[in-house]
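There are 4 protein chains.
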Amino acid sequence: RIQLRDILENSTTRMSKIIYWVIHCLIITALVSFTVHTLPELSPTAKQILYLVDLACLCLFSVEYLLRLFAAENRFRFVCSFFGIVDLLAILPYFLTLGLFDMRVLRLLRLLQLFKVARYNKVFKRYYRACLLLRVDLAFFLAVALITVYLAAVGIYHFENLAQPDKFGSIFQSLWWSVVTLTTVGYGDVFPITTGGKVFTFVLLIIGLGLVSVPAGLVASALGEAREIEKVEEKGKPEYGETHEQ
Amino acid sequence: RIQLRDILENSTTRMSKIIYWVIHCLIITALVSFTVHTLPELSPTAKQILYLVDLACLCLFSVEYLLRLFAAENRFRFVCSFFGIVDLLAILPYFLTLGLFDMRVLRLLRLLQLFKVARYNKVFKRYYRACLLLRVDLAFFLAVALITVYLAAVGIYHFENLAQPDKFGSIFQSLWWSVVTLTTVGYGDVFPITTGGKVFTFVLLIIGLGLVSVPAGLVASALGEAREIEKVEEKGKPEYGETHEQ
Amino acid sequence: RIQLRDILENSTTRMSKIIYWVIHCLIITALVSFTVHTLPELSPTAKQILYLVDLACLCLFSVEYLLRLFAAENRFRFVCSFFGIVDLLAILPYFLTLGLFDMRVLRLLRLLQLFKVARYNKVFKRYYRACLLLRVDLAFFLAVALITVYLAAVGIYHFENLAQPDKFGSIFQSLWWSVVTLTTVGYGDVFPITTGGKVFTFVLLIIGLGLVSVPAGLVASALGEAREIEKVEEKGKPEYGETHEQ
Amino acid sequence: RIQLRDILENSTTRMSKIIYWVIHCLIITALVSFTVHTLPELSPTAKQILYLVDLACLCLFSVEYLLRLFAAENRFRFVCSFFGIVDLLAILPYFLTLGLFDMRVLRLLRLLQLFKVARYNKVFKRYYRACLLLRVDLAFFLAVALITVYLAAVGIYHFENLAQPDKFGSIFQSLWWSVVTLTTVGYGDVFPITTGGKVFTFVLLIIGLGLVSVPAGLVASALGEAREIEKVEEKGKPEYGETHEQ
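Chains as they are written, first to last, in this note's numbering: chain A, 1 to 246; chain B, 1 to 246; chain C, 1 to 246; chain D, 1 to 246.
Next up, chain A with everything else stripped away, as it sits in the complex:
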């Protein structure tokens, strides 16, 4: 069992590397199968092949989950961990609804398998740490962004409601314009046509430009901090390692 844990969790031995790659290939396969599945003109044969590929992935994921559960040091903690739940959600709905009708919901659940990729990635921790450092700032910025988007929607509603009642009929519809404009996507399906609305958009964009650039700075400095914390920890680790080896 300890050997199995070694194979599944440490990615240093040869065996575990093979398993690591096999699992990733399976995830990609399941993903491609799901994506191809949505093509409108598919022959019944292709559909059947996709169904079989899907089933194979499901079986192998189930085996993987059971092996991990068996090998886990603390089984309860594994089941409750983030990836334990993700792994379970990726397979459980199949068994619960097997032979039944609803397949739509499963599709979205299966997408969580994608996050498995992140599991093996060390950098994930740094980003997670940066997010923790930025927690308050990001929440504040989100609030400011949402308020700006809302106020922009109210403003444009005022200016464009009478001129374009079909496109700026309510603040809800104006919110769509507001977010598409402030994120500089600008599809071109809704845009102001009155002089007042254009002047309002002009002022809004000049100010909004600065607003959009704030998170870039926040993330940059937080990642810098997170990297420094990482370095300090890495400095500490080898020392511990030396003590361990002695």
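Mixed in with the good hints, there may be bad ones.
Identical copies look the same in the list; a pair holds intra-copy or inter-copy alike.
List time: in silico BS3-like cross-link candidates among lysine-lysine, alpha-carbon distance up to 27 Å [unchecked claim]: (1) 125 <-> 231; (2) 198 <-> 167; (3) 17 <-> 47; (4) 167 <-> 47.
By construction, these hints were calculated from the structure, which means they are not laboratory data.
For this one, chain A is given, so just place chains B, C and D on it according to the hints.
Here is chains B, C and D on its own, set in the frame of chain A:
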């Protein structure tokens, strides 16, 4: 009265936390009520409900304002403070125009209630400080941005005026194109069609790209400075606290 | 004459502040007059008023130039300085073509007056210094950006030429698409419709996204350096001032 | 031979500077010739001139390649180096297909000549170093970006498939919308029209905005690190130079 001040301003006791949440819920309610109000197809019943919700919010805001006024250490300073004015503006117009006709103006005034959210937020101070640090830079950048937008409008007017007299009829109309292009929104309602105009836009965008990225750097470094000042102040505060407790 | 120089160049005395504001108002007036001038439906009276306003601005700018020339310590250096040339270009064409026909060219020359605003601004120096620090980097980035834009144009020409011969008829036309896409403006007048072109754009945007963010980082760090150099210089200055006063 | 190497590789002597400029002009000439070549309405004379210009460039590049090969200290290493391969690829296909039919493939190969410009540029090294420092981060970010784009495509497919089956017919088609939206290009050829799709896009853009700003921060800090390493190396170099001169 001191107790009341404690409840309303310090957010450490249980009572004040409840009040804090109640006020926030009220603001959100007033906001939602206002937003729903603009929907074009509303039944008279719905309108009446919204009117009552609105009235309830107004009453509670009035009570809150009077309580805050009563509890304030320096009443004159409270009335003149930013949030004192905002709170008053959120309720006063109702009483001044009650039973009268004009309701349009009030709507925009009521939006100021949104900024109440920021009041309780500590991060607000850091951003305020960062803005103070950047005051001169932001003003300069704003000037550069406006001049660039204007020059771009003059340039495109020159190139596109003859080819698209309805879209680039004057520099005022060209300014609309200019701001939509330089902020990379690009609705697609106006764009150059002449070769000269396209070459001009080409050069403008290659240069403008760099211009847009300037405030990002400014804000990032200013926030970093503001955070350092904060740290220094936080270091100073506990010492003061210790002295206070002795 | 020294007194006149003091008034025109130091902005500490009261008189010079008034002159400073008058000149700025004149620039804005000349600017607004020029902008209004382009409106298609103007009455002859309005046109005449604008002409007179224009003439007044011209006269006052001429007086200012002559006064500056008279007051300058080194007249030749003043004439050859950047703002000396700008000031001259803003007025000279009027006198050269007075009573003659061509007015179109003048318009663009007059826009240079806008840069006069920057003259009084101290921050300008910091940006100039940051640009000097970034000289090589910005040139390199510009080269990379241009090469990317060009390669993107060649790529899309390959994919879309046959499908949309009117929009992607040559690499020159593709360059327009290329710059509009890579700067994320996306007017929507030209976009790929073939699968190959869409996949190409997909890959290009994922990579191009990173490219666009490079100058932001460059400018941010250069401005930081420029500010530090400024601080060091400011520290040095007062000491020198003290020595000077002794 | 050593003299030839000096001329071709060190850009300090006069002769090598001339050669440096001649080669760059040739690259630009070949580039312009290729670009003009794609114009749809070209007279046969123009085509012939372009063909001759092309041939001349090819000959001179071949001569350059042979001279470099002759002058190289280690010929095998030169052939296997990045620019050795690029130089060969720029000329070899001509000789292999001379007088034959297929010219399309060559065109794209010839574009690699553009990267020759980077060869002489010192800054290239700094960016290369910054990329090395960011290797892991950029790979991680690329993965996150791709997963986000994919999940966005799946989400919008769910919401818009029934309403716009021609534009969101499969996840493959949705991916096009996804990348165009998340990079804020927003052509306007595909956009959500259902309320669910709009709300989904709203949430996606608010979050995606932050995602797009991450690489800016990464590149900025990595360039800063690369510059510091450069400074340390430059400090080391002169000392070595002194020792060398003694």
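So, going through the hints one by one against the coordinates:
1. Proximity of residue 125 and residue 231 under a CA criterion of 27 Å is satisfied in both settings, with 13 Å inside one chain copy and 25 Å between copies.
2. When the C-alpha separation of residue 198 and residue 167 is checked against a cutoff of 27 Å, the pair qualifies both within a copy, at 15 Å, and between copies, at 13 Å.
3. For a Cα distance limit of 27 Å, the shortest separation of residue 17 from residue 47 qualifies neither inside one copy, at 32 Å, nor across copies, at 57 Å.
4. Within a single copy, residue 167 and residue 47 get their C-alpha atoms only as close as 41 Å, which misses the 27 Å cut-off; across copies the closest is 22 Å, which meets it.
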